[in-house]
Every structure is written in C-alpha cells, then in structure tokens.
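Whenever a hint applies, use it, and build me the whole structure from the sequences.
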Amino acid sequence: SVLEQQLQALADHCGIPCPELVTVEIPEDEAVATHAATFRKLIDHLDDDDELFACLTFGTKPLSEAVRMAVQYAYRVKRNASISCIVYGQIIRPDDDRTHWYGRVHDETALLRLDEIVRLLADQGVENPGAVLDTLMAL
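Heads up: the sequence shown at position 23 corresponds to 23 in the working numbering, and the numbers run straight through without jumps.
Please keep in mind that the hints were generated in silico from the structure rather than gathered at the bench. Careful: at least some of the hints might be erroneous.
In silico EDC-like pairs for lysine to aspartate or glutamate, Cα to Cα no more than 16 Å straight-line [to be verified]:
| # | residue 1 | residue 2 |
| --- | --- | --- |
| 1 | 41 | 28 |
| 2 | 61 | 30 |
| 3 | 78 | 50 |
Shown next, in the form of structure tokens:
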C-alpha cells in the first residue's frame with residue numbers, strides 16, 4: 001500500500017526500523033455498539049511502555065473519539081505509556097477547484113493533556129479547578 005511505502009521511506013530516512021503496520025478493520029455503520037467495538041479492537045493493540053501517536057483526521061467524528069479514547073485508555077491504564085502527539089489535519093477549500101486546496105496539521109496534544117488535568121482535578125475534589133487551570137494556562 002501507499003501508506004506502507006511511505007512509512008518505510010520515512011523509517012529509512014530517519015535510520016530507524018520500520019514499525020509493523022497493523023490494520024484494524026471496522027464496519028462503516030455509525031451504531032454506538034460499532035464504535036464501542038472499534039474502541040475495544042484498538043485497545044487490544046496497546047501495551048505497557050507504548051509511545052502513542054494518533055491522527056484524528058479521517059473517519060467520522062465518533063471514530064475520531066474512539067481513537068482519542070483508546071489513546072487515553074492506554075495512558076491511564078498501561079504502565080509507562082506516554083502520549084507524544086495527537087494531530088488533526090484540516091483541508092482548506094477556498095473554492096471548488098481542487099488544485100487550490102491545501103492542508104494544515106493541528107497539534108491537539110495540549111488539549112488532550114488539558115482534558116486529563118481537568119479529570120484529575122475533578123477526581124481530587126479540587127474546590128476551584130478554574131483557578132488551577134488559570135494558573136496552569138499562565139505558565
């Protein structure tokens with residue numbers, strides 16, 4: 001596949017071994033049960049000590065949420081798992097002529113970390129989590 005060729009070229013360029021590419025087959029329906037099953041399939045591939053990267057660009061919004069949730073699961077449950085990067089690709093379509101379309105990649109890792117901080121503040125029963133967040137955002 002094109003993805004496998006590009007992954008191999010990138011690994012060669014960086015002088016690292018090419019990671020194994022694992023395909024997770026998922027149905028195309030939007031049932032909640034389908035997305036829950038997708039989440040389950042994804043977490044079956046996550047292990048202790050994993051360094052996690054995810055792209056939330058492709059698929060439906062519920063699929064992107066299932067991917068994000070799987071990354072958060074690994075971070076919270078697996079020993080020494082870390083989240084290195086979560087990205088979203090945006091396609092800019094200024095007109096109908098596809099030759100003028102271009103893209104941007106947005107790093108959403110900080111948003112995921114912010115969500116984790118909010119969860120921890122709530123779990124700890126912090127009385128004024130907004131003040132804590134204000135202090136953190138000022139750093």
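> What hints, given by number in increasing order, does this structure fail?
Replying inline: Per hint list: zero violations.
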